[in-house]
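Construct all of the structure, not just a fragment, from the sequences and the given hints.
Spelled out from the first residue to the last, the chains are:
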Amino acid sequence: QVQLQESGPGLVKPSQTLSLTCIVSGGSISTGGYYWHWIRQHPGKGLEWIGYIYYSGTTSYDPSLRTRITISLDTSKNQLSLKLNSVTAADTAFYYCAGISGNYGDHIFDIWGQGTTVTVSS
Amino acid sequence: QSGLTQPPSASGSPGQSVTISCTGTSSDVGGYTYVSWYQHHPGKAPKVMIYEVSRRPSGVPDRFSGSKSGNTASLTVSGLQAEDEADYYCSSYAGSNKYVFGTGTKVTVL
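Residue numbers (our numbering), protein chains in the order written: chain A, 10 to 131; chain B, 333 to 442.
Mixed in with the good hints, there may be bad ones.
As the list claims (entries may be wrong) - Here are the computed lysine-lysine pairs in the DSBU-like style, where the Cα-Cα straight-line distance is at most 35 angstroms: (1) B:Lys400 <-> A:Lys22; (2) A:Lys86 <-> B:Lys379; (3) A:Lys86 <-> B:Lys400; (4) B:Lys400 <-> A:Lys54; (5) B:Lys376 <-> B:Lys438; (6) B:Lys376 <-> A:Lys92; (7) A:Lys54 <-> B:Lys376; (8) A:Lys54 <-> B:Lys438; (9) A:Lys92 <-> B:Lys438; (10) A:Lys22 <-> B:Lys379; (11) A:Lys92 <-> B:Lys379.
Everything labelled a hint here was simulated from the structure, so no lab data went into it.
Here's what the structure looks like:
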């Protein structure tokens, strides 16, 4: 059973780059058919889709974040990462990585990590 | 893209039913059958309860059901149980390899 575990710095200063990683266990990140996503939840708000990377390396990002985001895979470490640059207080949120395995179709987030909190503050 | 609109809260007594709506547009909910619902207990990973509007993953009780009409999808939880108290989010494919989530509904079992 594939499991995800996010990690990150917890606190990031405004204008800096936020870097998060998501370790994939129980399966290979380069297994065909898997889409790996980042999703966030602002305090007291709903979920917000950030973007995904396909096992092949193809990416898709939310238009409002596209200019600041990079999602990448590190197959040697079996993990995916999120880099968000020029952060502001509006990027303070709980960040999840999630996966679409295809077991229930192509658009179902059936694998989730526990999430990691990020606070942007000086 | 804007988030899908859900009521902030819903409640019911044990054994009763609650229905949560999820309103989007013709570009997301109304345009695709890829609406899913997630149950989120604080501190835990979200769990998919319904996918493709009305299908249930294995292991999800049949008390959970989904439907869609036009740009609005709905999740119904019948025979409410204490363990159903959680936050619920809808999600929809929005075309062009994009996704959108709902604003979330807190379900309280009275």
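The hints, checked one at a time:
| no. | hint | verdict |
| --- | --- | --- |
| 1 | B:Lys400 <-> A:Lys22 | violated, 43 angstroms |
| 2 | A:Lys86 <-> B:Lys379 | holds, 26 angstroms |
| 3 | A:Lys86 <-> B:Lys400 | violated, 41 angstroms |
| 4 | B:Lys400 <-> A:Lys54 | holds, 24 angstroms |
| 5 | B:Lys376 <-> B:Lys438 | holds, 15 angstroms |
| 6 | B:Lys376 <-> A:Lys92 | holds, 24 angstroms |
| 7 | A:Lys54 <-> B:Lys376 | holds, 16 angstroms |
| 8 | A:Lys54 <-> B:Lys438 | holds, 11 angstroms |
| 9 | A:Lys92 <-> B:Lys438 | holds, 31 angstroms |
| 10 | A:Lys22 <-> B:Lys379 | holds, 32 angstroms |
| 11 | A:Lys92 <-> B:Lys379 | holds, 25 angstroms |
Hints 1 and 3, counting from the list given before, are not met by this structure.
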